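Protein chains in written order, with numbering that gives the first Met the number 0: chain A, 0 to 134; chain B, 0 to 134; chain C, 0 to 134; chain D, 0 to 134; chain E, 0 to 134; chain F, 0 to 134.
Worth flagging that the hints you see were computed from the coordinates, not collected in a lab. Just so we're clear, the structure is a prediction, and the values are computed from it rather than from any experiment. One or more hints might be untrue.
Unchecked claim - Below, in silico cross-link-like pairs of lysine-lysine (BS3-like), each with a Cα-Cα straight-line distance of 25 Å or less:
| hint | chain 1 | residue 1 | chain 2 | residue 2 |
| --- | --- | --- | --- | --- |
| 1 | E | Lys64 | C | Lys32 |
| 2 | F | Lys133 | E | Lys32 |
| 3 | D | Lys107 | D | Lys32 |
| 4 | E | Lys133 | D | Lys32 |
| 5 | F | Lys133 | C | Lys7 |
Unchecked claim - Covered by chain E, according to a simulated footprint, are these stretches of chain C (three or more residues, beta-carbon under 8 Å):
| hint | segment |
| --- | --- |
| 6 | 61-72 |
| 7 | 121-131 |
To be verified - Sample of chain D residues with no beta-carbon within 12 Å of chain E, all distances over it, derived:
| hint | residue |
| --- | --- |
| 8 | His41 |
| 9 | Gly51 |
| 10 | Ile69 |
| 11 | Asn92 |
| 12 | Ile112 |
Backbone N, C-alpha and C fix where the C-beta goes; we use that ideal spot for every residue, glycine too.
6 protein chains.
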Amino acid sequence: MRVTVSRKAHFNAAHRLYRREWSDERNQAVFGKCNNPNFHGHNYELIVSVTGEINPETGYVIDMKDLADIIFEEVEIAFDHKNLNLDVPDFENLIPTAENIVVVVWNKIRNRIDNSNDLEVTLYETPRNFVTFKG
Amino acid sequence: MRVTVSRKAHFNAAHRLYRREWSDERNQAVFGKCNNPNFHGHNYELIVSVTGEINPETGYVIDMKDLADIIFEEVEIAFDHKNLNLDVPDFENLIPTAENIVVVVWNKIRNRIDNSNDLEVTLYETPRNFVTFKG
Amino acid sequence: MRVTVSRKAHFNAAHRLYRREWSDERNQAVFGKCNNPNFHGHNYELIVSVTGEINPETGYVIDMKDLADIIFEEVEIAFDHKNLNLDVPDFENLIPTAENIVVVVWNKIRNRIDNSNDLEVTLYETPRNFVTFKG
Amino acid sequence: MRVTVSRKAHFNAAHRLYRREWSDERNQAVFGKCNNPNFHGHNYELIVSVTGEINPETGYVIDMKDLADIIFEEVEIAFDHKNLNLDVPDFENLIPTAENIVVVVWNKIRNRIDNSNDLEVTLYETPRNFVTFKG
Amino acid sequence: MRVTVSRKAHFNAAHRLYRREWSDERNQAVFGKCNNPNFHGHNYELIVSVTGEINPETGYVIDMKDLADIIFEEVEIAFDHKNLNLDVPDFENLIPTAENIVVVVWNKIRNRIDNSNDLEVTLYETPRNFVTFKG
Amino acid sequence: MRVTVSRKAHFNAAHRLYRREWSDERNQAVFGKCNNPNFHGHNYELIVSVTGEINPETGYVIDMKDLADIIFEEVEIAFDHKNLNLDVPDFENLIPTAENIVVVVWNKIRNRIDNSNDLEVTLYETPRNFVTFKG
Numbered sequence: 000m001r002v003t004v005s006r007k008a009h010f011n012a013a014h015r016l017y018r019r020e021w022s023d024e025r026n027q028a029v030f031g032k033c034n035n036p037n038f039h040g041h042n043y044e045l046i047v048s049v050t051g052e053i054n055p056e057t058g059y060v061i062d063m064k065d066l067a068d069i070i071f072e073e074v075e076i077a078f079d080h081k082n083l084n085l086d087v088p089d090f091e092n093l094i095p096t097a098e099n100i101v102v103v104v105w106n107k108i109r110n111r112i113d114n115s116n117d118l119e120v121t122l123y124e125t126p127r128n129f130v131t132f133k134g
Numbered sequence: 000m001r002v003t004v005s006r007k008a009h010f011n012a013a014h015r016l017y018r019r020e021w022s023d024e025r026n027q028a029v030f031g032k033c034n035n036p037n038f039h040g041h042n043y044e045l046i047v048s049v050t051g052e053i054n055p056e057t058g059y060v061i062d063m064k065d066l067a068d069i070i071f072e073e074v075e076i077a078f079d080h081k082n083l084n085l086d087v088p089d090f091e092n093l094i095p096t097a098e099n100i101v102v103v104v105w106n107k108i109r110n111r112i113d114n115s116n117d118l119e120v121t122l123y124e125t126p127r128n129f130v131t132f133k134g
Numbered sequence: 000m001r002v003t004v005s006r007k008a009h010f011n012a013a014h015r016l017y018r019r020e021w022s023d024e025r026n027q028a029v030f031g032k033c034n035n036p037n038f039h040g041h042n043y044e045l046i047v048s049v050t051g052e053i054n055p056e057t058g059y060v061i062d063m064k065d066l067a068d069i070i071f072e073e074v075e076i077a078f079d080h081k082n083l084n085l086d087v088p089d090f091e092n093l094i095p096t097a098e099n100i101v102v103v104v105w106n107k108i109r110n111r112i113d114n115s116n117d118l119e120v121t122l123y124e125t126p127r128n129f130v131t132f133k134g
Numbered sequence: 000m001r002v003t004v005s006r007k008a009h010f011n012a013a014h015r016l017y018r019r020e021w022s023d024e025r026n027q028a029v030f031g032k033c034n035n036p037n038f039h040g041h042n043y044e045l046i047v048s049v050t051g052e053i054n055p056e057t058g059y060v061i062d063m064k065d066l067a068d069i070i071f072e073e074v075e076i077a078f079d080h081k082n083l084n085l086d087v088p089d090f091e092n093l094i095p096t097a098e099n100i101v102v103v104v105w106n107k108i109r110n111r112i113d114n115s116n117d118l119e120v121t122l123y124e125t126p127r128n129f130v131t132f133k134g
Numbered sequence: 000m001r002v003t004v005s006r007k008a009h010f011n012a013a014h015r016l017y018r019r020e021w022s023d024e025r026n027q028a029v030f031g032k033c034n035n036p037n038f039h040g041h042n043y044e045l046i047v048s049v050t051g052e053i054n055p056e057t058g059y060v061i062d063m064k065d066l067a068d069i070i071f072e073e074v075e076i077a078f079d080h081k082n083l084n085l086d087v088p089d090f091e092n093l094i095p096t097a098e099n100i101v102v103v104v105w106n107k108i109r110n111r112i113d114n115s116n117d118l119e120v121t122l123y124e125t126p127r128n129f130v131t132f133k134g
Numbered sequence: 000m001r002v003t004v005s006r007k008a009h010f011n012a013a014h015r016l017y018r019r020e021w022s023d024e025r026n027q028a029v030f031g032k033c034n035n036p037n038f039h040g041h042n043y044e045l046i047v048s049v050t051g052e053i054n055p056e057t058g059y060v061i062d063m064k065d066l067a068d069i070i071f072e073e074v075e076i077a078f079d080h081k082n083l084n085l086d087v088p089d090f091e092n093l094i095p096t097a098e099n100i101v102v103v104v105w106n107k108i109r110n111r112i113d114n115s116n117d118l119e120v121t122l123y124e125t126p127r128n129f130v131t132f133k134g
């Protein structure tokens, strides 16, 4: 009886997509307006999903409040109202595309979830663009 | 050519999370404000997903109207505008957490869906908390 | 240059619609399934809107964080995970219809907002039913 | 490190569900009000999801802008503001149920996506009815 | 103590925007792809808002169920799964633009609402285009 | 017969809230985490509403496509994927709070709308914070 428990959260951040070692022309060709040198930003919406057995005593797979706390401690404190390129060490050498952000978030939360549980993270960069990582 | 057909529905209900055999202190420690003795409530949103072959004559996996009727008969009549703890026999000895509710709903609908089809149910307790069960 | 600033919040609560002095038959005829004696519940969504002049120094009509705090202190603490009929004194002698709830919320928040500002409150009882009060 | 990248799009179209070789009675019995001879219509919402390895240079699985262009060229130009039965050759001999539309859309986009990537398409016919095809 | 009570509803319909007495060229210039001779369609979402005094006995301005029934009888039966141009007499000599539809809906519902109450109707033609009429 | 026509649009941008002439301490006290020196960002959602008479020939108050073009030319080109503080001259000496942004947007669009029509603009900074300006 494995059930998936999902919790939504969000953070607001600035970012810029570019590779330091590329020329301005190449960065512009690949990343277009996402390469604006002064940054742009998003309201990122996050769905964190934990799959595991229901504890027969509590009826919980994981207490939603605990899951919300883990997301707050691992992601919101680190990313919210930040510049992902300049303020977040995870992206010092990693382009903060939605794909790379979702893998970073998954790794941060994976450390906090029991090994017997599966983890999936979905990240909305805009209401129309989103990415999912299952490990 | 297996396609998944999904239908949304909803019901409004009251519930309380607690174990009769536990002390008030332990119930409060585990279930917090969800343990309010006078109950609280939610607008539950439900997504029922049936996966099967497309019938080449009708172009349907299952008629959405039939699926809506099954949800109405099995879930809405039983749960809508009810107190899950007091009015619904399924939860007489089962804590009505989102995880337990989604399993109960899955079982009720499983009986009404052709065996060759797969079934998945997602239940939103709030817009930010939801659970999924695939059997 | 009067601008309206709006903040969303939510609370989950149980309620029952009935008049103590009416017969069961009359309560059932008027309130139907909302009259379930064991209560039912909702995820109430709230939009609180304050209209006033922009402060030229801060660029704010009201700091959204302050507005969120006022809603938390006046409404969420009082109503969230509560039974409106049994746990909230405002509804001891007032039926907790959406219309009555929105007026109670408006009065609680009105006390905390500067007199030069206008106040409007919208309350969603379900995603399809909502009410608005402007004072 | 396979990540799923999803992009939403939409198109507005008219359609009618019926089989030419069936009697009016049988069409009415099976398709009900969806069989209106003068058609009805929907705002179809589409989610196209591509799963593949992150390119370590760009941080992209697929450029969202390229994915949006593929959807525009393959689906929006062909279906938007059209009558699916009369204006779209794919449905000349295929009933435009949500199930059949999602398979047609999947095939059109599959041709444009790299073979090493997986493809899933979800189509909302209404906010409460949707279908998914994974190939 | 005037409160506004709002109820959402929806209907799915086909339509075409054109003036019979205009040339094809002029219709195409003014209405563009909305002039497709074979029609296109939408999931129309409707919000009907009634403003009036709270009845001190019931706590209602208007019973939401009665309001839902009025919308069903006046609008859904007449418009749902219909071709607005061909199946709905109101649009025999009136172009079914969102603006014209919302005025027609307002008039149909106005007849059913007590004169002491105000009425406002909002109609979403798509999630991004909507119109409002207050009489 | 004045009807309001509304169109949604969006732009993604970075910003920082602070007054150059204030000390770091005062900026931090007033603007909190919105004062991050490296900026943060949002997916801004915009609703532009034009109220006027229905043109009896076209059934339009204003062609939604024209309104979408005006929003694109006046707002999206200027603000999308930009740093509001550094890239947008309107905010060279104006703090880009939601309140100030909505007034700037209103003024840009007011110039393009016929004088006989009324204009209202709503700006969502996040799904839970939004502002409205009517002139």
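So, going through the hints one by one against the coordinates:
Straight-line distance between C-alpha atoms of Lys64(E) and Lys32(C) comes to about 11 Å, which keeps the hinted pair within the 25 Å bound. Taking the CA atoms of Lys133(F) and Lys32(E), the gap is near 32 Å; set against the 25 Å cutoff, the hint is violated. Between the alpha carbons of Lys107(D) and Lys32(D) the distance comes to roughly 29 Å, so the proposed pair goes past 25 Å and is violated. Restraint check: the Cα-Cα separation between Lys133(E) and Lys32(D) comes to about 31 Å, which exceeds 25 Å; the hinted pair is violated.
Our distance criterion of 25 Å between C-alpha atoms is met by Lys133(F) and Lys7(C), whose separation comes to about 21 Å. With 0 residues having a beta carbon nearer than 8 Å to a beta carbon of chain E, the segment 61-72 of chain C misses the requirement of three or more and the stated coverage is violated. Three residues within the 8 Å Cβ limit are the bar, and the segment 121-131 of chain C against chain E gives 6, so the coverage statement holds. Interface exclusion of His41(D) from chain E breaks down, the closest Cβ pair being 5 Å apart, not more than 12 Å.
Non-interface status of Gly51(D) relative to chain E is upheld: no Cβ of that chain comes within 12 Å, the nearest being about 29 Å off. In this structure Ile69(D) is separated from chain E by more than 12 Å, as the shortest Cβ-Cβ distance comes to about 21 Å. Non-interface status of Asn92(D) relative to chain E is upheld: no Cβ of that chain comes within 12 Å, the nearest being about 17 Å off. Taking the minimum C-beta to C-beta distance to chain E, about 27 Å, the non-interface status of Ile112(D) holds against the 12 Å cut.
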